Amino acid sequence: MKLKAYALPIVVMLIGFLMTTIGSLFKIMHWPNGSELLTLGMVLESIGVIILIIKLVINHKKEVNS
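Numbering of the sequence shown is given in my numbering, commencing with residue 9 and proceeding in unit increments.
Be a bit skeptical, because a hint or two may be false.
What the hints assert, rightly or not - Derived CB-CB ranges, DEER-like:
{"#": "1", "residue 1": "Asn41", "residue 2": "Ile62", "range": "42 to 50 Å"}
{"#": "2", "residue 1": "Ile61", "residue 2": "Met37", "range": "29 to 37 Å"}
{"#": "3", "residue 1": "Ile30", "residue 2": "Ile58", "range": "17 to 25 Å"}
Said to hold, decoys possible - Restricting the straight-line Cα-Cα distance to at most 35 Å, the calculated cross-link-like pairs of lysine-lysine (DSBU-like) are:
{"#": "4", "residue 1": "Lys35", "residue 2": "Lys70"}
{"#": "5", "residue 1": "Lys63", "residue 2": "Lys12"}
{"#": "6", "residue 1": "Lys12", "residue 2": "Lys70"}
In short, the hints are calculated from the structure, not lab data. Since the structure is predicted, the reported quantities are computational estimates derived from the model, not experimental observations. In this text, a Cβ means the ideal position worked out from N, Cα and C, and glycines have one as well.
All chains, please: the whole structure from these sequences, using the hints.
This is how it looks when you write it as structure tokens:
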């Protein structure tokens with residue numbers, strides 16, 4: 009199992025986590041665009057998880073077939 013294969017979903021999830029954290033700060037401080045940052049961060053986290061699941065399933069199928 010190569011960790012390089014999982015770099016993209018991990019990076020997407022980390023960016024989403026960062027945006028969610030910053031969006032939370034914006035909401036707490038009542039600064040504008042906090043809701044948009046929270047939403048975008050959570051969408052990125054979801055996309056990262058979906059990509060990771062797809063890559064895990066594909067790699068598992070390759071290991072089983074070989």
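To see whether the hints hold, each was checked on the structure:
1. Asn41 <-> Ile62: 42 to 50 Å: Violated: the Cβ-Cβ distance is about 31 Å, outside 42 to 50 Å.
2. Ile61 <-> Met37: 29 to 37 Å: With Cβ atoms ~35 Å apart, the hint holds.
3. Ile30 <-> Ile58: 17 to 25 Å: holds (22 Å)
4. Lys35 <-> Lys70: violated (44 Å)
5. Lys63 <-> Lys12: With a Cα-Cα distance of about 11 Å, the restraint between lysine 63 and lysine 12 holds, given a limit of 35 Å.
6. Lys12 <-> Lys70: holds (16 Å)
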